[in-house]
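Kindly generate the complete structure, drawing on both the sequences and the hints.
What follows is each chain in one-letter form.
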Amino acid sequence: MNQNILNGILLDEKTELTLLELCSACSIAEEWIIELVEEGALEPFNLQSIGKQHTQWLFTVDCLQKVRTAKRLQRDLNINLEGIALVLNLLEQIDTLETKLRCLEIS
Amino acid sequence: MDFKDYYETLGVQKDASQGEIKRAYKKLARKYHPDVSKEADAEIRFKALGEAYQVLKDPEKRTAYDQLGSNYQAGQDFNPPPNWDAGFEFNGGDSAGSADYSEFFESIFGQGFGSTQGGHKQRTYNASGEDHHAKVLIDLEDAYLGATRSVTLQSPEIDSSGHIVNKQRTLKIKIPKGVKQGQHIRLNGQGSPGMGSATAGDLYLIIEFNPHSIYRIDGKDVYIDLPLAPWEAALGANVKVPTPAGAVDMKIAAGTPSGRKLRLKGRGIPSKDPGDLYVITKLTVPLADSDTAKNLYQKMQEELAYNPRSKLGV
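Residue numbers (this note's numbering), protein chains in the order written: chain A, 37 to 143; chain B, 8 to 321.
Don't take each hint at face value.
[Claimed, not checked] Where chain B lies over chain A, by a calculated footprint (3+ residues, C-beta under 8 Å):
id, stretch
1, 44-55
2, 95-101
3, 105-111
4, 126-139
Note that these hints are calculated values from the structure, not bench results.
A virtual CB, placed ideally from N, CA and C, is assigned to each residue, including glycine.
So this is what it looks like as structure tokens:
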């Protein structure tokens, strides 16, 4: 048991992840993320970089969850990229609606 | 060890066709996929489905399971008879050694199942450890004040003899002030240890808030319902409002209706650009449960010409 208190790094909305960092954090191949971007399921926030070198792409932290979800959807349900893009989109909408609902408490 | 009824898990009859089994699995897998389902036990259900399908989709495994399980009920204590799998030849498969399957599954289809499966491959190579992800549940107050949380992680590791063991470790982690739902904390080098001389992976902790009895959270903003007495709403008042950082005084203007959204700027989750606390007024009406209360209500009824339904035209 480790008794030391660990200080992590908070990845907030200002944190930028490179393609490489995103791949390593999600244990996934670069090519697959490139495909997700090409499908429009995922977007680097510096949009002007899309046509350029992949090393210039920068992602926000919420892409971490998206890529991991995408990976599981493909692995577990055998969904193709178009389907994944759609599911991610719908999940985001549901999340927004549920938060709104909770705040208004119309449950 | 409990016997698992894989037919029951998939909701099919024992004589279901392979097609029926596939359809049942696909349907339930979509329903209980942890990324899609909101059910609390989705992850467990999804794993159970995967295990059941792993066995029933494979005619060889299904036959073996049927032969073995014909006398058992779900949940019944189960011990596989010695050498029960003699006569079956399985082609290895991807199941052995996975930490994701139940003890029951492992005892039948796990390591050593069938005779074609070789021993453990012992290789030495260098590979960076995998990054791990785990959820941490915190209270809203922790985001206002910061906190320390113990997180227990289970990770499959390969021991010296090549077996996969589930190793438990507990880490004490500082939760910084200002964290929000869904944010990540990265702990460098706390993921899986690297193989050989390679570096260990990182640990990503995803912040989730426990539901709160009085506050609701939307990103960096926080919502609270504030009950008001009719006279406070009608005449105006100074009332105390709780916030996760302690109570504050708030002025309620005369004539405040129920359902009004009042903003306490910067009283949401703190950070350089803090969120706001939204106070939603809720008029509550005292019961006429004493003579005094009854008299007061009757007096209002007689002396106030008030029709709450005037806008409805009645």
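Results for each hint:
Counting residues of the stretch 44-55 of chain A whose CB falls under 8 Å from any CB of chain B gives 5; the rule of at least 3 is met. Here's how the stretch 95-101 of chain A fares: 4 of its residues keep a CB closer than 8 Å to some CB of chain B, so the rule of at least three is met and the hint holds. Against chain B, the stretch 105-111 of chain A contributes 3 residues with a C-beta closer than 8 Å to a partner C-beta. That satisfies the three-residue criterion, and the hint holds. Only residues whose beta carbon comes within less than 8 Å of a beta carbon in chain B count, and the stretch 126-139 of chain A has 5; three or more means the coverage holds.
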